[in-house]
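Participant: Given the coordinates of chain A, assemble chain B onto it according to the supplied hints.
Okay, here's what each chain looks like letter by letter:
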Amino acid sequence: MIGTKFSRRALLGSALAAPFIRGAAAQGEPYVLGSVFPQSGPNAEYGPVFTSGVQLALQHIEQDRLLQRPIRYISEDSQALPQQGVIAMTKLVNVDKAHWTFAAFTSVSKAIAPIGDRAKTVMINGGAVGPDLSGLSPYFWNVIPLAHLETRTLLPYLVGQGKKRFALVYVDDPLGDAILKELGEQLPKAGGELVGSFSIPRDAQQFGPVAARVRQVRPDAVYIASFGAQQAQIIKGLRNNGVSQQLCSYSAMNLESIRTLPEANGMTFTVQKVDYAGGDALTRRFAEDYKKAHNREPTVYNANYYNGCRLFGLLAQELEKTNTPVNGDTLRAALLRVRKFPLVGGTGEFDDAGNMMAAIEVVQWNNGSLTKLV
Amino acid sequence: MLFVQLLLGGVQNGALYALTAAGFALIFGATKVFHVAHGSAFTLAGYVFLYGWTHNWNSALSSLAAVAVAVAFGIGMERLVYRPIQRHEGSFFTVFVAAFGVSIVVQNLVGVFAGRGFASIDTPLSNASEVLPELFLADVFWVAIIVALVMFVALTLFLSRTNAGVGLRALAQNPDLLRAYGLSSSRLSMLAFALGSALVAPAAILTAMTTGLNEAVGNHVMLLSMASTIVGGVGSLRGAALAGLLLGVAESVVLVFLETQWASAASFLVLFGFILFKPSGMFGAAVAR
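Line by line, the protein sequences give chains A and B. The first sequence begins at 73 in our numbering and counts up by one. The second sequence begins at 684 in our numbering and counts up by one.
Simulated from the structure, these hints should not be mistaken for laboratory data. Mixed in with the good hints there might be a few duds.
[Stated by the list, open to error] So the derived label-pair ranges between C-beta atoms look like this:
no.	chain 1	residue 1	chain 2	residue 2	range
1	B	Phe951	A	Lys261	39 to 47 Å
2	A	Asp424	B	Phe940	31 to 39 Å
3	B	Phe940	A	Gly350	52 to 60 Å
4	B	Trp825	A	Glu265	46 to 54 Å
5	B	Ala743	A	Ser441	33 to 41 Å
6	A	Glu265	B	Pro807	30 to 38 Å
7	B	Asp822	A	Lys444	53 to 61 Å
Ideal Cβ positions, reconstructed from N, Cα and C, are used throughout, including at glycine.
Extracted from the complex, chain A is given alone in its bound form (with noise of 0.2 Å):
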């Protein structure tokens, strides 16, 4: 009788619970994604704009139940200075178990890459563009083309706009010696010289005495390595003393400060090919809602760091399909084994390296305007 009873309650109980079931085993143990952004300092604009697309990537995993965990998105503030980088690393991944992260900045990405490695916690960068950032961890991916795909394409551009004398103002740190190299590289390659370098420190405010260096060497066009305010403050300091030349620097002058500045007018770079309007239906839906949720159009930070995240959706469903636990070693196996994914911008196809392959465009600043050259 005893046995009856419990029988007919636990079936009842089962009935009850049975429309639940699915919905307690998604909300089991989250999976802990976290960032490791400038949020406050010079360099904080760039914190909001990479955190946006992290954002709306993970809205539209849930919204597709892409997943059967719940994510929990924990974000940490690097300052873009490595130090504190490191900091915010070793807190996601000791602290918070964070079983996929999010980095920027070259000199950031190279300090904590030996603790991802360590730990074996997937990194994916979407804002840095050190062409050494490649193959730097097993763990740590590339969802952005780094500097030397940029460099390659802006080059012989410009050099066949009759711009054959190049001065370089760059960053004191691992990105703007990257982008020395690769201009003294790639310059007598496309036609060009390099004919002034201009080191400046991080914390470098006033470039009135570097325009007067610059414009001694007489160059015909003058690339910007640089970062946050201080690449504002750079294109500012050179058109105000003087420097009246083509003003051409890499995807970190996509930036809203830079294309609300009247001095940048003019100034030519190199982003991803995006087709937000007529692209795949992915990527218009990622334009629509990012308009709709920020009332602007994307740029595409947000797209990199979107498929950054979106990556972790779709290879994390990928293991959840064969109950395979999700770690790096998991992720990465599932990255090398299927290599090509729907993401934002079409089809993302990553190499042994873990680079994500993407095509670039040549594009300049007009009025406030992107206008794309090639």
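Facilitator: Same frame as chain A, now just chain B:
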């Protein structure tokens, strides 16, 4: 011509450094408070002027608003932060940490309300034109020089010709004697903070026009103000102003001889030189122990 160009550029920057350094030195000299949040007054003044400019306020009104906010911040710090601390304990370290904390809060608040990133004022004043072959000068050069001169003349007259000014100097030299004469050191401290903070406003406005602002701009200002105070001689207003000018010129002119990455380091080489060979600074008096 490169030397002349760099010298003039250095004088322009130096004039702005001199204003901020004089403000810091005035506060430190009179009250002995190491006002690390002085850079925050600079940041706030710059952003208030920027707000007025972007909202089409009259330039004079924007400037007055910038001065008012800087003064209010200085007085607020003296009343609400430094005085309560000094009432209880008043150690240098506590005051330093409190001021440092406030400067971080201000930095973040500016980021929240004004946006994180670069902001500047687009004005023809900062556009340089070629006045001689290879020599470029912007109108803002003359504005910076004139503003700095007017401010220093006005400050000197105030300190030497008014009772409050004389009281401020007395507060710097002997606060006990000042109290014995029935003067209020509390009010004079407040005045020192108000005047010292007001001095950063013109520098902040001109910086918004030339190099632009970001939420962390105050850190650089603070470093230069401290360096100028030490080089000029602790407690000497004249020394701090001249040292500010010297540091501005040094970080510019050094590019005649060295690579561009050494510009900022030049200021601090000057600072180390003074610490090593003339620790009392340019106008500081040596104290026997």
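Participant: Where does the structure disagree with the numbered hints, that is, which hint numbers, in rising order?
Facilitator: Hints 2, 4, 7 not satisfied by this model.
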